[in-house]
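Colleague: Below are the chains, spelled out letter by letter.
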Amino acid sequence: MAARNTGARPGGPNKTCQFKLVLLGESAVGKSSLVLRFVKGQFHEYQESTIGAAFLTQTVCLDDATVKFEIWDTAGQERYHSLAPMYYRGAQAAIVVYDITNQESFQKAKNWVKELQRQASPNIVMALAGNKADMANKRVVEYEEAQAYAEENALLFMETSAKTSMNVNDIFMAIAKKLPIGPPQGETTGTVDMNQPQQQQKGSCCK
Amino acid sequence: MDEEYDAIVLGTGLKECIISGMLSVSGKKVLHIDRNNYYGGESASLTPLEQLYEKFHGPNAKPQPEMGRGRDWNVDLIPKFLMANGELVKLLIHTGVTRYLEFKSIEGSYVYKGGKIYKVPADEMEALATSLMGMFEKRRFKKFLVWVQAFDRNNKETWQGLDPDNNTMQQVYDKFGLDENTADFTGHALALHRDDDYKNQPFGPTIDMVRLYSDSLARYGKSPYLYPLYGLGELPQGFARLSAIYGGTYMLDKPVDNIVIENGRAVGVKCGEEIVRGKQIYCDPSYAPERVKNVGKVVRAICLLNHPIPNTNDAQSCQIIIPQKQVGRHYDIYISCCSNTNMVTPKGWYVAMVSTTVETANPEAEVLPGLQLLGPIAEKFISVSDVFEPADLGSESQIFISRSYDPTSHFMTTCKDVLEIFARGTTQEFDFGKITHLSLQDNE
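So the protein lines, in turn, are chains A and B. Just so we're aligned, residue 1 is where the first sequence starts under UniProt numbering, counting upward by one. Just so we're aligned, residue 1 is where the second sequence starts under UniProt numbering, counting upward by one.
These are computed hints drawn from the structure, not numbers from a lab. Don't take each hint at face value.
What follows is a set of in silico ranges between Cβ atoms, one per label pair, in the way DEER data are often shown [claimed, not checked]:
1. Ser27(A) to Lys279(B): 37 to 45 angstroms
2. Asn258(B) to Asn195(A): 57 to 65 angstroms
3. Asn195(A) to Gly348(B): 28 to 36 angstroms
4. Thr189(A) to Ala61(B): 28 to 36 angstroms
5. Gln147(A) to Ile261(B): 52 to 60 angstroms
6. Met173(A) to Ala61(B): 19 to 27 angstroms
7. Val140(A) to Pro59(B): 43 to 51 angstroms
8. Arg118(A) to Phe56(B): 51 to 59 angstroms
9. Asp431(B) to Ser27(A): 27 to 35 angstroms
10. Ala148(A) to His307(B): 48 to 56 angstroms
Backbone N, C-alpha and C fix where the C-beta goes; we use that ideal spot for every residue, glycine too.
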């Protein structure tokens, strides 16, 4: 938990901003693997379905600010389309993941983009990740097709590989650069922190 | 869907979601189904506002334009607040579900006396300042509160001659010379009893409740109550996420025909053509109508206001308790009010809910004393719901049914029911030590 106000780095004052990022996409496209690679630098060929680790944080440093991602995994609730509204609530960024070797997962990704456009905040920063790029010999979703779709819908787009770590940090970094670094808008104030014994005001960004 | 589950949970009300979370955390393989396409069942918060109009006034009913964007409304069907130091808060903290939710203190806690409402005095300072009592009564009440604070079951010297297992609460009132009005708000607004039966029972539990009230008050200030941003419907979603993180499978919008029984024991549930097998069933009363009994009715009036409740110092959120005797009833009337500060209404709008246990043939008239305190009401939705409890404890059938949500204004009974059901179903108490994901939170 050393992320908040870690002090100035060379080059000027630094502030830490926290953002909620949600992952979406069909089961088994590698959502958890992407996060695990990004947060812990790990990859497991036979990653179990998400258990126990559905809330991870990681920071990336920009020139003038540190961005702390609070990353929400679907915890499998996407399987029967049973994600709760809470999942989308307050999300400032989303990565919609598909598997480049699975055409259906690309179709599903388009549905998730629609779902985000319907449920999430209008200012959400969305990225599309074509994962499993290391398995290019089994590719069925063409890069150009996905890129054209991403452009039409104003999504960031990269092909990624959680296995080789190709573009994993880059996609989070690209999102960080598009996030509004500054005082939060429409922030609710006066909430209590239950884990503290006394009253304490909690703000989520840019102290 | 082909495999067999340790437990199938039916309905995603708060109780079922907490149970589902506890079962998954305990290593059970859980399938959690709801026939609705949304989480929360009876404990959902309805959004957008159009959904509330449709539910109560039919498909063509529409909110007035000045009520703003429908999406800005999250209207609870059941009014409850969390005691800041109560069991549900402990459950939220221990399970880590707090991280999915944000809470605010309810701004004011009021009690009705002789046609007016007063702020509830809960500590010695407030007791001396209140206009609820005369000067001499205040001093007696202060003495009583000091005794409550010092009271320790394990130290007889603090008892001052009163035995928590043998003396009744009435005897405590008598000893401190407290009059009926003071007894009224102590028993109803501080100890949160719904009727006067407690007076003739041992005083121990009542003192514990008064202590809970003042400890909760001390925790965050303004009132002892907390409430989640976006409404109570967030609570079941949070516990459902906990369950999912521990491997629970979720299916919404899945019609459930019936529970399948073989040799007197549940073996699964029938959903259309398919039968899903499970060793145990946990459900709310609506999924097992033939296995519950009706034990009463609750009337609730949801009221939309474009102003704060009068005489609450413009509180953006508050609770008002009308002790039964003040209005000639057997059960108390509760009023809860939330607003834009709690993210349940657009700016300038308030949702107040008046509720009580039905005791006459005309339930709507029973909430009138509460409605009269609200000032002009822009819209009103009245519901009368049956209160069910399980006909048996489920040890034979392996069907564990929760009780309907009662009219109490807090979650004490909810948590008690949940922990009892868990203990009955698993034949052990819930082990909070099983929750390990807190340590997985950060990589730093």
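Colleague: Next, verify each hint and record whether it holds.
Modeller: Evaluated hints:
1. Ser27(A) to Lys279(B): 37 to 45 angstroms: violated (25 angstroms)
2. Asn258(B) to Asn195(A): 57 to 65 angstroms: violated (43 angstroms)
3. Asn195(A) to Gly348(B): 28 to 36 angstroms: With Cβ atoms ~33 angstroms apart, the hint holds.
4. Thr189(A) to Ala61(B): 28 to 36 angstroms: holds (35 angstroms)
5. Gln147(A) to Ile261(B): 52 to 60 angstroms: holds (56 angstroms)
6. Met173(A) to Ala61(B): 19 to 27 angstroms: violated (50 angstroms)
7. Val140(A) to Pro59(B): 43 to 51 angstroms: holds (44 angstroms)
8. Arg118(A) to Phe56(B): 51 to 59 angstroms: Violated, since Arg118(A) and Phe56(B) (Cβ atoms, about 25 angstroms apart) do not stay within the stated range.
9. Asp431(B) to Ser27(A): 27 to 35 angstroms: For Ser27(A) against Asp431(B), whose Cβ atoms are near 30 angstroms apart, the range 27 to 35 angstroms holds.
10. Ala148(A) to His307(B): 48 to 56 angstroms: holds (53 angstroms)
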